[in-house]
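Chemist: Sequence:
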Amino acid sequence: MDKNREDQLNETLMLFYFAYRTFIKEPDRILSQHGIHRLHHRILFFVARQPKISVHELLDTLEVTKQALHAPTRQLVEMGYMTSEPASYDRRVRELKLTEKGEALERQLSDVQRGKMNEIFELMGSDSEEIWKEVMKNIIAVDEPKTEDGSTT
Numbered sequence: 073m074d075k076n077r078e079d080q081l082n083e084t085l086m087l088f089y090f091a092y093r094t095f096i097k098e099p100d101r102i103l104s105q106h107g108i109h110r111l112h113h114r115i116l117f118f119v120a121r122q123p124k125i126s127v128h129e130l131l132d133t134l135e136v137t138k139q140a141l142h143a144p145t146r147q148l149v150e151m152g153y154m155t156s157e158p159a160s161y162d163r164r165v166r167e168l169k170l171t172e173k174g175e176a177l178e179r180q181l182s183d184v185q186r187g188k189m190n191e192i193f194e195l196m197g198s199d200s201e202e203i204w205k206e207v208m209k210n211i212i213a214v215d216e217p218k219t220e221d222g223s224t225t
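Counting along the sequence shown from 1, when you hit position 95 you're at 167 in my numbering, and nothing is skipped either side.
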């Protein structure tokens with residue numbers, strides 16, 4: 073990689089870091105008012121999208137260890153943001169679901185971020201959202217294991 077290309081990519085990386093910092097600033101402030109952190113937000117976000125998600129499925133989605141997920145999940149249950157109940161199909165499986173309180177907090181946090189994204193996509197034009205999604209999908213795909221035919225799993 074030549075020096076000019078490296079400089080261009082360094083600028084892109086800086087923009088990515090600064091954008092992320094801006095994107096999470098307000099949700100972080102809201103989370104701190106509730107005494108919780110970003111992992112709690114991610115849990116709330118994914119449980120809101122998949123009510124009755126199993127703990128195992130959430131572990132796979134977030135790519136964290138059971139140990140890393142245990143304390144924040146317990147805290148969210150104890151604080152009344154989420155329930156953890158045995159699954160009807162297998163009592164050994166724990167299913168997570170947001171309470172009304174959890175739904176309200178998740179909505180407040182995600183509305184901030186949805187609002188930022190919507191404002192930017194409207195400003196940037198009709199193709200910007202699809203281009204953004206393609207960039208994000210390709211960033212994710214770089215890290216996914218490949219099958220024998222070269223496709224991602």
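Possibly wrong hints are sitting among the right ones.
Subject to a maximum C-alpha distance of 27 Å in a straight line, what follows is the list of computed DSS-like cross-link-like pairs (lysine-lysine) [said to hold, decoys possible]:
{"#": "1", "residue 1": "K124", "residue 2": "K138"}
{"#": "2", "residue 1": "K75", "residue 2": "K124"}
{"#": "3", "residue 1": "K97", "residue 2": "K75"}
{"#": "4", "residue 1": "K209", "residue 2": "K138"}
{"#": "5", "residue 1": "K124", "residue 2": "K169"}
{"#": "6", "residue 1": "K169", "residue 2": "K138"}
{"#": "7", "residue 1": "K173", "residue 2": "K97"}
{"#": "8", "residue 1": "K205", "residue 2": "K188"}
Here are the simulated distance ranges between beta carbons [stated by the list, open to error]:
{"#": "9", "residue 1": "S126", "residue 2": "G197", "range": "37 to 43 Å"}
{"#": "10", "residue 1": "L131", "residue 2": "N190", "range": "29 to 35 Å"}
{"#": "11", "residue 1": "R164", "residue 2": "E83", "range": "47 to 53 Å"}
No lab work stands behind these hints, which were simulated from the structure alone. For each residue, glycine too, the CB sits at the ideal point set by N, CA and C.
Chemist: Determine for every hint whether it applies to the structure shown.
Modeler: Now the hints, each set against the structure:
{"no.": "1", "hint": "K124 / K138", "verdict": "holds, 17 Å"}
{"no.": "2", "hint": "K75 / K124", "verdict": "violated, 50 Å"}
{"no.": "3", "hint": "K97 / K75", "verdict": "violated, 33 Å"}
{"no.": "4", "hint": "K209 / K138", "verdict": "holds, 26 Å"}
{"no.": "5", "hint": "K124 / K169", "verdict": "holds, 5 Å"}
{"no.": "6", "hint": "K169 / K138", "verdict": "holds, 18 Å"}
{"no.": "7", "hint": "K173 / K97", "verdict": "holds, 22 Å"}
{"no.": "8", "hint": "K205 / K188", "verdict": "holds, 15 Å"}
{"no.": "9", "hint": "S126 / G197: 37 to 43 Å", "verdict": "holds, 40 Å"}
{"no.": "10", "hint": "L131 / N190: 29 to 35 Å", "verdict": "holds, 31 Å"}
{"no.": "11", "hint": "R164 / E83: 47 to 53 Å", "verdict": "holds, 51 Å"}
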